[in-house]
Amino acid sequence: MNLLVEIAWAHVTTRIRQTSVAIGGVAIGVGFTILMAGLMQGSQKDFVRQLVDTMPHVTVKDERISTSRLAAEEKYAVVQARNPVVTEKRTGIRDPRAVLTLLRSWVPGGIAPSTKVSTMLQFGSGRVGVTVMGIDPREEEGVSRLASQMRSGQLNDLYKASNGIIIGVALAKKFGARVGTNVTVSAGEVQISGTVVGTFSSGLRDVDESQVYTLMRTAQVLAGNQGLVNEIRVHLKDALLAPDVAKRIQQQTEYRAVSWQEANADLLSSFKIRDLIMYLVMGAMLLVSTFGIYSIISTIISEKRHDIAIMKSFGMKEGFVRGIFITESAIIGGLGILAGWLIGYLLCWGVSKITYTNPLNGETQAIYIYYAMTYYIAVAMVALVSCTGAAYIPVRKATRVHPVDIIRGAA
Amino acid sequence: MKTVIKAVNLVRRIEGAVTATLINGVDLNVEKGEFVAITGPSGSGKSSLLYLLGLLDAPSEGEIYLLGQETSKMSESERADLRLKSIGFIFQFHFLLPEFSALDNVVLPMRTLGRLSLSDMRERAASLLTSLGLGEQISKRPNQLSGGQRQRVAIARALSNEPEIIMADEPTGALDTVSTEQVFSILRDVADRGTTVVCVTHDMALAARADRRVNVVDGKIAEITFNPRSVSHCGELLHSDHTPTVASA
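Going line by line, the protein sequences match chains A and B.
Per this note's numbering, the first sequence starts with residue 1, numbered consecutively.
Per this note's numbering, the second sequence starts with residue 1001, numbered consecutively.
The hints are simulated quantities; they were obtained by calculation from the structure and are not laboratory data.
Be careful, since some hints might not be right.
[Said to hold, decoys possible] Computed cross-link-like contacts, BS3-like style, restricted to lysine-lysine with a CA-CA straight-line distance of at most 27 Å:
(1) B:K1085 to A:K304
(2) A:K304 to B:K1140
(3) A:K45 to A:K353
(4) B:K1140 to A:K61
(5) A:K397 to B:K1140
Can you build the whole structure from these sequences, using the hints too?
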């Protein structure tokens, strides 16, 4: 073995108890940092996954990206307009069938048209404002998980009743509605009576309480506009492609296309702050865990002043002596990291066994932990750097000591 | 005779609120194979002089020639190299590494120098320890050895790189009379085999057995005594150009 490592190893192994405490400190720091990374990333990814599952990846709206040209602009090359009043009427996507055909030709994923209308829902006992989402049950499966979110009834039951309607479980509970309950839906002048044919639970309370589904036909009647399609939803195979797909759709159709990332930009940017907080806390945990190393290296060095003096007196270089103690901290840090990996893995495993009841859908869920090799490596690197850093402070002081001063003192 | 150590007008001051002069103008030549004892009252500067001659410390003024090399302008690293190759140190306290066996302690300077293979180093260390009467103790740790045995291990360590010079600072200061006798006769023997020995001691009886006794008082050489045993030796020295100035106290 290398002389430097041999001396370092001898120092570390003759102080088993102190060394174990220092190793334990690093191990606990590393372990909990790994747990924290797994938990934070896990909950974040779980949340995004739910979001991505529930939301359309790209929503094409009946909103032109360019302001419409003035009538005069169609006729003359140059037009000066003063305070033009632009009344943009949102009349749905023009020629939806052509747009759908165009999108289906290249978009990798499911595409479904829908008709969205703001309405007032009236049960026997009360009224509530909801958005009616007119859907095509055959297409719906390709763009949303509605079919699997059904708690009673089926999507196809929409065909069974005239003006069949699917409402959220939360809403149903609120008004004591169930399958077969009659409701009145009104939008402006139009008023129709419908029947509840099913209930769904999306996992998002907001959606459950404010959104109901009908056939597109029903929604179009409510909107007073036959053949109206004011939204096209796209569900991609790879949700991360959404921004690119949205951009291309927007260029092709000149309709506004919003990716889920754009729709949740505020949420995603709050993740950045969350990440920052996470890294700061993790860094602090690792730093504190290396205090043990600082303390043990300081102790060893003060106990080893004579050894340092004699080694320097017979000609060992300062760098070599420094190397001995830095290696000691690396040994302690390295062992601590290995133990910390194990602790971290076991903690993650243990926590992933804890279940809780989701207040939204009443399902029993396990805490989601995200496992990634990169955390283990990153945490180890940070820990190793802090360990050697913590050791360097006492080491530098010690190796500068002049052997004569110590030899005089010892004699 | 070959001059191994030559000190010219050595001065060592410690600058501070009050400047203390430890060594105040010392000239000294030491020949190859000579056993020089440095004596003097405590605080006289005898140890300081040894540290200067052994390159553990640098002089404030003056020059030290060691094996023909001028050393006072050397960097700490160069001095460390020269110490490693050419000087063996023995102190009052043994300074053995407690985690290592006697053998490994002796091997340590050899490994630092790295001139031999590990097995050759071990062989040499074992034979050195055996020649010092520690054949049975080579695998024992320092805390399993007596004071005298530890000091003999320290001597073996000092001899391990076959240095031209041994510097000993009160090597018998903490030993009983039997061990003192052993250590001293080893040093005497080392000198007789051609290794220069410079030894600080306050034991006059031992100093009397050196080839030359240099008495240091107040940082200056007060008196140099040549011992009868090496009269012929002294005669040569007296007629050489390097005769040390005998200062009066």
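Checked hints:
no., hint, result
1, B:K1085 to A:K304, "holds, 24 Å"
2, A:K304 to B:K1140, "holds, 20 Å"
3, A:K45 to A:K353, "holds, 18 Å"
4, B:K1140 to A:K61, "violated, 87 Å"
5, A:K397 to B:K1140, "violated, 32 Å"
In summary, the structure is inconsistent with hints 4, 5 from the numbered list given earlier, while agreeing with the others.
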